[in-house]
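Engineer: Each chain, letter by letter, is given below.
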Amino acid sequence: MAQTPPATTELKAAFQHALELATDLRHEYVTLEHLLLAFLRDEWAKKALRACGADLARLDKALREFLDDAMEAVPEDHPMEIQETLAVSRVLQRATIHAVSSEQKRTSTWARCSSRCFASVRATRSTSTAARGRDPRHLVNCVSHGIGEDASDAAPEGPRRRATGGENEDGETHHEPAEEVLRRPQQAAEGASTRSSVRGRASSARSACSCRRRKNSPLFVATPAWARPPSPGARQAIFERRCPRCSPTR
Amino acid sequence: MARRTEEDFDTAVVTRTDRKVARPKMWKVLLHNDHYTTREFVVAVLMGVFHKSETDAVQIMLHVHQKGLGVAGVYTHDVAQTKIDKVHRLARDYEYPLKLSMEPEDD
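Going line by line, the protein sequences match chains E and G. No gaps in the numbering here: position 243 of the first sequence is 243 in the working numbering, and each next residue is one more. To convert a position in the second sequence, counted from 1, into the working numbering, add 1000.
The reader is advised that the hints may include incorrect statements.
Here's a subset of chain G near chain E, in silico, CB distances under 8 Å, partners left out [unchecked claim]: (1) M1026; (2) H1051; (3) T1055; (4) D1078; (5) V1079; (6) T1082; (7) H1088; (8) Y1094; (9) E1095.
Worth flagging that the hints you see were computed from the coordinates, not collected in a lab. Think of the CB as a built atom: it goes at the ideal place given N, C-alpha and C, for glycine as much as any other residue.
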């Protein structure tokens, strides 16, 4: 059974900040709005949100206004024990499940949580002012393909380590930074063996294998990896008739 | 007279969609009357979970007792849901069938 991965430093810091916010405002519960406001202090979160077109100042102001107006402060004479709301529990639980399912050794950097936050906020309509029309998919896309979310030990403005698909000391998979991804087509045009070109060769090999496959044929059903449906690249190759000719089977 | 369409003038209409974000609704937490939950428990819940003064708590409890339904408080969706869950768990622990529900507040 998979163990629950521990939270990353950023997530712990964000949650701590959310708790401090709730304490300062004498709020009984840590809500998604507190958590989102705490994420706005994270450098990488800010960078990703800006890349998605978010107006951070407006978002910050809207969240603070919402917390001041809509949340009830606990009276001074009542003892206060801060708890997380059900929505926050769900977000953290989903982030943990995501970390387990993607075989990460550390749970949920801010990106998974904040994207889940945005998703939950939109779903429950609890703070549509906070969401400001941002689609959680934009954030996830930006983090997955533009900016790596493992920003624990890298300066936001500095050059990031070259990602090779390995794992850092936190056990999280590296993602290539945006500049690297943008340089790839140029590198491919220059004839350099980039990951894209390797992927291209792999997909043509895969399409060749897919072409040869016959149902229940012990000869042509290769390893389980090849038994999967063709990748999107291979499908595109088949559609554009760039796939190799089928091998004679009889 | 023949009707002229957009194609006759070589024009097109450009539509622009503006997204307006509505202020989130507040939700009323409703207390339901039953014949098993004691008055003391309801008052304790109203004071402990909903932070009502003793006078207000007794007043709400009596309203629920007489009318069958009463408003315990108005909160955001997330907080209302959490408070209802907390009270349901408390009631279950003390073996009371106290029921709470929530509905959006009218504008």
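Engineer: If a hint holds in the structure, say so; if it does not, say that too.
Structural biologist: Hints, one by one, checked against the model:
no.: 1; hint: M1026; in the structure: holds, 7 Å
no.: 2; hint: H1051; in the structure: holds, 6 Å
no.: 3; hint: T1055; in the structure: violated, 14 Å
no.: 4; hint: D1078; in the structure: holds, 5 Å
no.: 5; hint: V1079; in the structure: holds, 6 Å
no.: 6; hint: T1082; in the structure: holds, 4 Å
no.: 7; hint: H1088; in the structure: violated, 12 Å
no.: 8; hint: Y1094; in the structure: violated, 19 Å
no.: 9; hint: E1095; in the structure: violated, 23 Å
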